[in-house]
Amino acid sequence: MTHLENVVLCRESQVSTLQSLFGERHHFSFPSIFIYGHTASGKTYVTQTLLKTLELPHVFVNCVECFTLRLLLEQILNKLNNLSSSEDGCSSEITCETFNDFVRLFKQVTKAENLKDQTVYIVLDKAEYLRDMEANLLPGFLRLQELADRNVTVIFLSEIVWEKFRPNTGCFEPFVLYFPDYSIGNLQKILSHDHPPEYSADFYAAYINILLGVFYTVCRDLKELRHLAVLNFPKYCEPVVRGEASERDTRKLWRNIEPHLKKAMQTVYLREISSSQWEKLQKDDTDLGQLKGLSAHTHVELPYYSKFILIAAYLASYNPARTDRRFFLKHHGKIKKTNFLKKHEKTSNHLLGPKPFPLDRLLAILYSIVDSRVAPTANIFSQITSLVTLQLLTLVGHDDQLDGPKYKCTVSLDFIRAISRTVNFDIIKYLYDFL
Amino acid sequence: MLINHALRELMEIEEVSENVLQVHLNGLLQINDKIALKEITRQLNLENVVGDKVFGSFAENFSFLLEALKKGDRTSSCPVIFILDEFDLFAHHKNQTLLYNLFDISQSAQTPIAVIGLTCRLDILELLEKRVKSRFSHRQIYLMNSFGFPQYVKIFKEQLSLPAEFPDKLFAEKWNENVQCLSEERSVQEVLQKHFNISKNLRSLHMLLMLSLNRVTASHPFMTAIDLMEASQLCSMDSKANIVHGLSVLEICLIIAMKHLNDIYEEEPFNFQMVYNEFQKFVQRKAHSVYNFEKPVVMKAFEHLQQLELIKPVERTSGNSQREYQLMKLLLDNTQIMNALQKYPNCPTDVRQWATSSLSWL
Chain B
1 MTHLENVVLC RESQVSTLQS LFGERHHFSF PSIFIYGHTA SGKTYVTQTL LKTLELPHVF
61 VNCVECFTLR LLLEQILNKL NNLSSSEDGC SSEITCETFN DFVRLFKQVT KAENLKDQTV
121 YIVLDKAEYL RDMEANLLPG FLRLQELADR NVTVIFLSEI VWEKFRPNTG CFEPFVLYFP
181 DYSIGNLQKI LSHDHPPEYS ADFYAAYINI LLGVFYTVCR DLKELRHLAV LNFPKYCEPV
241 VRGEASERDT RKLWRNIEPH LKKAMQTVYL REISSSQWEK LQKDDTDLGQ LKGLSAHTHV
301 ELPYYSKFIL IAAYLASYNP ARTDRRFFLK HHGKIKKTNF LKKHEKTSNH LLGPKPFPLD
361 RLLAILYSIV DSRVAPTANI FSQITSLVTL QLLTLVGHDD QLDGPKYKCT VSLDFIRAIS
421 RTVNFDIIKY LYDFL
Chain Y
1 MLINHALREL MEIEEVSENV LQVHLNGLLQ INDKIALKEI TRQLNLENVV GDKVFGSFAE
61 NFSFLLEALK KGDRTSSCPV IFILDEFDLF AHHKNQTLLY NLFDISQSAQ TPIAVIGLTC
121 RLDILELLEK RVKSRFSHRQ IYLMNSFGFP QYVKIFKEQL SLPAEFPDKL FAEKWNENVQ
181 CLSEERSVQE VLQKHFNISK NLRSLHMLLM LSLNRVTASH PFMTAIDLME ASQLCSMDSK
241 ANIVHGLSVL EICLIIAMKH LNDIYEEEPF NFQMVYNEFQ KFVQRKAHSV YNFEKPVVMK
301 AFEHLQQLEL IKPVERTSGN SQREYQLMKL LLDNTQIMNA LQKYPNCPTD VRQWATSSLS
361 WL
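One line per chain: the protein sequences are B and Y, in this order.
Residue numbering for the first sequence follows the UniProt record's numbering, beginning at 1 and increasing consecutively.
Residue numbering for the second sequence follows the UniProt record's numbering, beginning at 1 and increasing consecutively.
All the pointers check out, no bait thrown in.
Capping the alpha-carbon separation at 25 Å, the derived lysine-lysine pairs in BS3-like fashion look like this:
#	chain 1	residue 1	chain 2	residue 2
1	Y	K312	B	K164
2	B	K355	Y	K329
3	Y	K329	B	K126
4	B	K126	Y	K312
5	B	K111	Y	K38
6	Y	K329	Y	K240
For each label pair, taking beta carbons as the anchor points, the in silico distance ranges come out as:
#	chain 1	residue 1	chain 2	residue 2	range
7	Y	K157	B	K111	36 to 42 Å
8	B	N6	Y	M11	52 to 58 Å
9	Y	Q306	B	L413	20 to 26 Å
Covered stretches of chain Y, as calculated for chain B (at least 3 residues, CB under 8 Å):
#	segment
10	235-241
11	291-303
Rather than coming from a laboratory, the hints here were simulated on the basis of the structure.
This one's a predicted model, so the numbers in the text were calculated from it and none came from an experiment.
Ideal Cβ positions, reconstructed from N, Cα and C, are used throughout, including at glycine.
So that you can see chain B by itself, here it is in the shape it has in the complex (with noise of 0.2 Å):
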């Protein structure tokens, strides 16, 4: 019991009821039992920590690799075989086509000498893909226990609550445990638990706590944060291997590795870069203000017209139809104020997303920001096109339409901003909503 307290920590009392509910080994378990929780909250570690150490006939599948019907039923049934002949060097694999034939295999392998008599487990991890295979597979496994007239239990584990998994018919509802999300001193006492040898405790305790400060508001993600601490560690470490500080020297250290998270919050936590990148950008100490993640190389080189194209799409995306006329026109006259200005918030179209357009929309307002004439010559259309394929705009609607194609600009405020800066082009001034 104690091992098992070492092994698993903070989940004493989840630990006693599935021990309590599991029982004797020869005991009838509830049929099917539904626990659920947080990412990272150790449902699949502690399940599966149990019913190895109390050495348990179980079964354990996951539902994403296994995707289809054919292949989940058959690593159930190949699996128990491996269980119940471990003394034949490769028993015959088992094909299974529907549920029918796996209640029916079921009941034949179960008969095998060392599984009589027992509780057999099946464990089903990220039970909510079981939601969008067959209709009567769900149902099925949680009755199985009836079904099959064994001594079976069927466990799920999964993120989301039970209430989305209930067929519209209703079903047999399994034993619902909630497996709760860890606390922050639940956090700091099991990031704290696989400190490297060579430093001491204290040392590694204080170095979570500075992470859990900078992280813990973001993301509690036992993963995650497991993550980080291994790959800024070293960081952490360096003055006091350089010599500059002690390990009690807790400010200087806090200064030194401050910077270096809220960078990796905004790189590593993001999987802009991979972790390998980060470990040696940290061994070259190069300045880190000069990180380049995968978003920066989306900003590729257009030649001169594309970026004026993409600037008139974006205009003609997020601006409406109706004030083109004010933005675009040498001498407009007067427009009323009253209708023209009243806007509100909500329709701002920043909030709602681009608009799609016509070509000739884009060709007009083309005309009228680039200084210098422009021939509408193939050499524009390729350029249109080119700019769909990187995925600057899209095609909305048919390749074939009739009356001509419509796109929408899909670049960000920002990205245009810069782009426009090359060109020296001030586009908040020709944008609707920044009047």
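Once you've looked at the hints, dock chain Y against the given chain B.
Frame of chain B; chain Y shown alone:
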């Protein structure tokens, strides 16, 4: 359970057990008629007879099977009892061929069969096609829970008491006495009354008893009223509130921003850009600059909420639109959010105040 009991009694009559064959079918397992037919063949042990014969229609196949049951000394064939569990699922098969054939044979004088269907749906007759319905004998037996509260308490006592065959007689006596005392306690009666009002279903009673029995251990051998009350609380727990409990502060801020959007615009769907805008209004007040995160970080939190199915897209994702502009709906309502916020550990006070005030420019 009733069926099994009745069948057991029937089988005790010797003539019957020699003669009668049983076929048990379940709607969850046999999801179309072909599988059902194979299962019938298997259960009647007729595999050697059918072999590799090829049949034209379902009806031919079926009548061949039943003819094959003719016994040696008598010219009539064996009576067969068909028990169809989850009967409503059989009614969803194509053309309802299995049901049609079963009822047809039972009405005509070919082979003596009896068909018993078990279902939870009261409107089962509406699901049957006209030709199937006409062949049905319209004999229905309703099993309803028609007991009152005192009987509910009696059932509670009975379920908990240990039977006389229990090996440790002394413990069994003490346990049964404890159960008797419990059933007379006021708090226990209240808990049972609450459950009875929600559902008379015996399964939910079992769940409640199961949850409270979990707490019985070697050091805590007798059940107390507190166990029952805590079990009752577990039963009526709001699972979505539990999920909200585990969210990070940034995600909670996003949910509050969505709540405000829902209040102002009366539940119209929103997209990420609108939520981010609302969140920025909160952040820009001077004291709150600690929450000034970059947009991609906020997007990651938004996607986590989507993964937990707390928000859902209104229509399926199309490849053309950007993710930030996809319209979503929030699947929590205001009372759930406020209750969850009360229980949220270490909730920063400014976030909590933002949630309660609906005036966002203060």
